[in-house]
Amino acid sequence: MQEERLVAVFSESARAVGSEVSIVADVEAVVDYVKQLTTCLVMVPDFASAKRLDLVSALKASGVALVQEDLRQGAATAAVGVTGANFAFAATGTVVLESTREDIRLATTLPEHHVVLLDPAKILEDDLAAVPHLRSFHQNSPRNYLAYITGPSRTADIERVLTIGVHGPKQLHILLFTGLSNDPLEM
Amino acid sequence: MNKVRAKEYQVRIDHALATPKLQEALHKFGDAFLLAREKAFSQYDFEALRLAIADCKDEVAAHRQQYLEQFIANAEAAGATVYQAKTAADANTYIAELAKSRGVKLAVKSKSMASEETHLNNALKGAGVEALETDLGEWIIQLAGQRPSHMVMPAIHMFKEEVAELFSKVTGSEEPAEIEHLVQVAREQLRQGYLDADMGITGANIAVAETGGIALITNEGNARLVSTLPKIHVALLGVEKIVPTLEDAATIIRTLPKNATGQLLTSYVTWIRGAVPCGDGDKELHLVLLDNGRSALAESPQCRDALRCIKCGACANVCPVYQTVGGHVFGHVYIGAIGIILTAFFHGLDKAAEIVRACIGCRACVTVCPSNIDLENIILSLRETIGHEEGIGLGKSIVFRKVMRNRKLFHSLIRAASMLQKPVTGGQRTIRHLPLFFSSLTEWRTLPAVAEKSLRDQWQKIPQKIEKPRFKVALFGGCANDFLYPELGIDLIKVMNKLDVEVSYPLDQNCCGVPALYSGDKETAVALAEQNIAAMLKDDPDFVLTTCPTCTMALQRDFVEFLKDNPVWAARAEHLAEITVDAAGFIVNQLGAAEVFKGEAVPEKVTYHDSCHLKRGAGVWKEPRELLTTSGLDLVEMEHADRCCGFGGSYSLTSHPDISKQILGDKIRDIEKSGATCVAMDCPGCMLQLRGGLEKQEKDIRVKHTIELLAEALK
Ligand code: SF4
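Chains as they are written, first to last, in this note's numbering: chain A, 1 to 187; chain B, 1001 to 1715.
Warning: the hint list may mix true and false statements.
[Unchecked claim] To give a feel for the contact side, a few chain B residues facing chain A, derived at Cβ under 8 angstroms:
id : residue
1  : 1079
2  : 1132
3  : 1134
4  : 1156
5  : 1179
6  : 1186
7  : 1187
8  : 1254
9  : 1264
What the hints contain is simulated information worked out from the structure, not anything from laboratory work.
Since we're looking at a predicted model, the values are computed, not measured.
Beta carbons: idealized from backbone N, C-alpha and C, even for Gly.
With the rest of the complex left out, here is chain B (with noise of 0.2 angstroms):
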């Protein structure tokens, strides 16, 4: 780890913790967004609009050259010159040596993301031409000095006041701080320029293979005037915008809008195919393709799917984390979940080393990305990369191969801890205050102990009383639930028991793997993969059953990643896969047994949290829903219940306890919003993250996992 880089970085978002309007702004706007999308959306398929962005994206992906130079033909018999340009350099140079040569004073621009992937302007300028950026928000940033925080809405993290401010600088005179009159004022400064430039710069959304022309989905205007007035129209795209046929240019400008700013559709969408008229002649137009990383972005079997992205910009709307930081701190040129790959290949690993830490895993961006990336999953395979080249620090690096690996020293050193901790539990449950340098652990939530007799320990002792099971399931405990919340897996056995179903605990069980996964260290991950599988298929059960959505997600997906082309494995983490199931999805699609706790529960007004990977990852949200109604319980929802609650295991504890203290906050606030007295969920993370955050704000509100509701209907 590089220790002046992660210093400047916590800077930055100490910065950003400062800014609360900032972040209340990031807020409102990300509610905002998600209405307006789903509006717009209302008449439209949108699962069947990505399958088939992504489709179209993959298509073009694996046949790279065979479209690349049917692109090139078109636009050249049309009249355009392309040029390709391996790297930001390239295009930068080439760009600025057409300016040079043409004599350009001043170069007027549209808004091009990828302009300031190469930083244009820059290059523009060492060749003494002025870049007038004219989009309104880029402008705003250009006066301003700094870069975008955000790809559709550069200037989003700016108020009008400051604009006011920049403006006044430009027209001599005092503006006021209304945004129409700001809006007007850009519309007369800049006017003038399109009509002096000498060249006109643009991106493009789209480039069609099939005719050689590009497409600009745009809302200002600013880009018809930059295509349309210069004499000299250079249009810099990177070469993943290249789509086969109109058709899939439809597709995209049908799905852009909506899950971009909620619009169906911009005010302008501009195809340009060729060198048009322009004045008494033609236009000069040249296509710079840029490449600066995507070929090496394509030969990547685990990112490649970076792709397929058309930059709307959604995943930086909903993400957590991006609400709370912004764009300068959560991001590099590109921002957000995406920025965060983008950036490592485009920009290097080293200037998404940081970012890379940042993401808290909610996968809030998987289901909004239009062009169906699991970005969640390619982030972890980063984490790994850059655990492999930097290391992933020396403490956890023992803890994570010398310790974890290693189940029984693992499991007795927490034994260990259960007695060490108790000056500072005082026998408590909880741990309100850790002494000394550990205290800020404990500033905003209160920890759990580790419970005196973990599950393991007690599990021979909890009596089954069942004649005739339906079925024997196995319980993966997870370590939370093992040694942090036993009475969770108590609870269980009651509910299960209740169902005819028998419970067992495999001993050999070890943690999931996710917080080494998590931390970059794939190797201690896989190794856990193999001790788990052994140890849940031993008795061959019905179903392997789990508390925590993380271990689930494990259990379904990551041991099958990680081993399908291990003949040893491979087939056993298809097994384990295919029978494991979180507890509440089990009574409710395997059993269809909500109905035997109808009305047994004393009524209570509760709320349900969606957590991050049950929701998103295991798709299972209705079922705990319909178990807590049919008990009685009358269930009442919080605002963005599905939202992160900020945990994130060691997010929350060691990288971005900050960023995770202030996402806990807002998820507190719906909670007492919602009027509820209990607060019901089924991962024992969260359990830990919201019971730690009430207490500590003494609030009087339950934290409950599902399954110990039902266990209490049944008293």
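This is chain A alone, in the form it adopts within the complex (with noise of 0.2 angstroms):
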């Protein structure tokens, strides 16, 4: 009940900022949704479940182009980066990622579609109930960056009209994703 609750606060708010989010059942339709968004380069940085899917291998064998030496180059000209979240909160749409590892920030800074990878289990209240993570987060590493990311990149600063896309990606798209991992410290 709870989790549901939060699922569909979570992706009303989400979508309030402007992320697409769906619904994912396996590997293989996580790789149908990067196709189907691009036919160019793809960055997966390293993470615990993409590991766990073997998701790289699977977008190999269904022919996407992966960026895999000179990450910095490679992610300048990747047209997607797919990363998990560590966690997230309804109550503003926001996914939580611990950045630290630079192909990380590489991957959800540069390319123009960021796709997350979530599990809905790991959805929390609201920005109170993830300090306690952040803090385990700092004890955990003594140097580290944290991201909340809410919506696509934006700007307001030509007239104050709402532009989507001005230096980091111009679409977020969430892929809520069960049994993926319950634990908020591993992305």
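Both chains come to you apart, so use the hints to assemble them.
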């Protein structure tokens, strides 16, 4: 019940800020989703649930070109970055990504599309519920870079007109994937 | 006063007033902002949030050294280099030297007001380093060679056509003035910059002592790129950004976007602690903690609350003066109400001296400030400081010190004026034109004539028929009620007598002192406070009634504040404050007597104008509405009912008549749009302004004090 409610609130808030929210059942569905976004280069940094799903092999097997070396130049030319999320919070439709590893940051800042895999079990109520996890991140790693991401990149700097996609991703796709991971400290 | 500076300031005002397009944009923005903000906070308790922010900031201010040391220790433990810069120049030199020593050619920047404050880009240029602004608004004004006119939206004063022109010069081809296209141009043009730059410079919204990390609250995503791609990351931030814990940071993050842009949350909140991986190694992270006047601000008991500011920009968004002239007039680097204060401490009193007078004192900013800063109060105390430093002008100083403090002289001069004005009034109640060089005063509004017989001079002859009064109250008339609108006092007696209340008028009362205070002459204001306390408490009334909310604030708040350390006066000032209440509030709250007027009025469409000091000073706005509707009047709300009418006392007469005129124009449009034939209010100052404006424009709309309408109903 609780999880259903949180998923509903999360999806509504996320859509309200321009995120795409979809439900996927398996790794094939993720591959299909990515393929329908682009025929160009895709960047998949190293993260736990991708490994578990063997996402990279699945993408390769279906012919998707992946960024492999020179991550910086690769990310700058990639059309899609795929990452997980550590957790999310419903009130604002926010996904939280522990982005200390540079490849996570590159994949979530440079490509035009950012695809996020999120286990709905990891949707919390709101920003205050997130604080204990923030503290755990800080305790676990002395140096860190954490990101709250709420919708695509936006600006209203010209005549206060809301415009999407100024420097960061133009689209944020959140794929709800049950059974991916229920550890908020893991991506 | 500095003549050259004042002249330059006037030129800027004239220029801004000649740009109606900007005014229109800022007005629209102000409206949209308030709606979005209200929606964003609909599920949240704004009052609780702002008290929490104020508490947290005050806690840090009280233990500055402790939290500073904690933050630095944690940041250094995480591999950051921390530099404490005493001044702007100090911060600039550190960053420029660092850039030089690392062979930096290009530095990409995300938005940082601190770097605007220090003029960092100039310093980098001097060191041969190109600084590239990547925040869209900042880039636009960098290309235009300007400074920000808003803290959150730096280029709010520019239009898409101007942006297209600037971008066309960069790309070398004609860029169409379509916003989506222009944003795309910026994306493409700036992209390579991140990849090429050797240094990234950001600000920070929050620094967390508990972790030694910083948080950036942004929308565009450029700060993420700036803090990720270049090898060196420099964050320049004011020391006041430090908060104790992650929970405190969460409270700010919860509040800031809602109060800045009406967003529930910005697209990105980025938490960075320490030197994170970058390429093959670790990033080189420098945190430059800027003091530059902040310690001095923390030491000023009157002004230090300003350090609570979280730079949301809301105080400008809702400010009628800002909406009229924009941030290039009403600000230096920091703009709007908070800009006045920060400018004084960060850039010097001289830079603040003109804009400190530009505040009209309407307190709109105080209601929306998420850090619970009483901006108006701080601005008043700055005015006093500047009054001390520079003098308040010879004319004013004679009026306040020599005349006003001597009540008999002051009042006999007003009586004389009532005789002398005859040639211009022709015996009428209003002055439509003034001769020669005074003529500008009546160009856009008529002025009331001084009444032939003041309230005090006719008081004894006004009969009061009550057998057993419920209460004995003393009326504090204030100058306008006494000398301009004595009929209001007579109506008050009628209304109060109907409610079994007897009213007296202590003759030793004098001006409440606000005009002197607003002009920076606190000494006179304090002298007047003492005179008034003695006069009003003399016969030990049950209550002191006011008909002017500015006087109400003086009696309820200022006198107490002035005299709190004075053993002779403190307790009496407190007592006066306790028994002072405005007339409408008294009828509803103390007497519970609105029903007495039930159905007595001849129905008429009335709209209500909230006077700034009544609504946002005394917290009274429901009461007059209750009285009007109960009495049978048809109350229709106008838009922006609680927006200032532009009066502000000497603001509209001498210091900023041209701004006052614009604000009045806005108000008159709203009144007309409501379709009412009468506009009610509870302030003689607003009456003067609105009557004057409506009369000059020959509009057939009555301007009435609530008490006058109640007296009418009893007829
Ligand atoms: S003073 Fe208050 S309203 Fe103004 S910018 Fe600061 S926090 Fe916002």
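| query | Does residue 1179 (chain B) meet its interface restraint, that is, does its C-beta lie within less than 8 angstroms of any C-beta in chain A? | reply | 5 angstroms, holds
| field | Hint validity - residue 1132 (chain B) Cβ closer than 8 angstroms to any chain A Cβ | value | 13 angstroms, violated
| field | Minimum beta-carbon distance criterion (8 angstroms), residue 1264 (chain B) to chain A | value | OK, holds: residue 1264 (chain B) within 8 angstroms of chain A, min 5 angstroms.
| query | Does residue 1254 (chain B) meet its interface restraint, that is, does its C-beta lie within less than 8 angstroms of any C-beta in chain A? | reply | Constraint on residue 1254 (chain B) satisfied, holds at 6 angstroms.
| field | Hint status (Cβ of residue 1186 (chain B) to nearest Cβ of chain A, threshold 8 angstroms) | value | 6 angstroms, holds
| field | Hint status (Cβ of residue 1079 (chain B) to nearest Cβ of chain A, threshold 8 angstroms) | value | 6 angstroms, holds
| said: Less than 8 angstroms between beta-carbons is the criterion; does residue 1187 (chain B) satisfy it with respect to chain A? | reply: Hint on residue 1187 (chain B): holds, closest Cβ of chain A at ~6 angstroms, below 8 angstroms.
| message | Quick check on the hint: residue 1156 (chain B) CB to chain A CB, less than 8 angstroms? | response | Since chain A brings a Cβ to about 7 angstroms from residue 1156 (chain B), closer than 8 angstroms, the hint holds.
| task | Please verify that hint: residue 1134 (chain B), Cβ, nearest Cβ of chain A, below 8 angstroms or not. | result | 7 angstroms, holds
This entry does not satisfy hint 2, going by the numbered hints stated previously; all others are met.
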